[in-house]
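Participant: What follows is the residue order along each chain.
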Amino acid sequence: DTAVSQTPKYLVTQMGNDKSIKCEQNLGHDTMYWYKQDSKKFLKIMFSYNNKELIINETVPNRFSPKSPDKAHLNLHINSLELGDSAVYFCASSRDPGEKLFFGSGTQLSVL
Amino acid sequence: GNSVTQMEGPVTLSEEAFLTINCTYTATGYPSLFWYVQYPGEGLQLLLKATKADDKGSNKGFEATYRKETTSFHLEKGSVQVSDSAVYFCALSDQRNTPLVFGKGTRLSVIA
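Protein chains in written order, with this note's numbering: chain A, 1 to 112; chain B, 113 to 224.
Hints in this document: simulated from the structure, not taken from any laboratory.
Warning: the hint list may mix true and false statements.
Partial list, derived from the structure: chain A residues whose beta carbon lies under 8 Å from chain B [stated by the list, open to error]: (1) Lys41; (2) Ile56; (3) Pro97; (4) Leu101; (5) Ser105.
The beta carbon of each residue, even a glycine, is placed where N, CA and C say it ideally should be.
Working from the sequences, and respecting the hints, build out all of it.
Facilitator: Structure (structure tokens):
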């Protein structure tokens, strides 16, 4: 079984659309994250949830909204997609903040 | 604040060459240090880690030693293989329940 799974793997959409990326972990971890990786491979944290509560919310446009229905899930909803949102988005989890991270395989978002 | 600086890539080596990827850090206190590897099309995965000064992390022939006096955690491998081609990320955790801080990544290409 995949430890951290995210769907879809590829997402191609038009500017202005709204889309969601789903993430689930079966590791029993308390902390989940969303990272954005740009074309130069620079990895930037976007959000972090611990026990369903938001603990990190970096400077991210409010078009991005995370939702954590339970400890095992952290979904990312993006409104009014823009060209600059094109990137690979990674979900990750850890037992506690600052502990070893387990990453999903990424969602490549292309906004046309 | 905490930060990680790693050498800019890309690094291109011939098979069986010696590899060094430099990483230095700035942190308060005594952070844990990590190297993550990202193979093409995949998420990041932990390669090795060290939790205190003079510790050596090792895995798959890679090594890194936690040097407090030089605030460094350089990654080394004596003989690289084509299969080592990937992007390598240095990261730190300040163990105060804050998410890992990543460097910008170094792309390694090994040619036969």
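Participant: Tell me the hint numbers this structure goes against, listed in increasing order.
Facilitator: Hint check: nothing fails, all pass.
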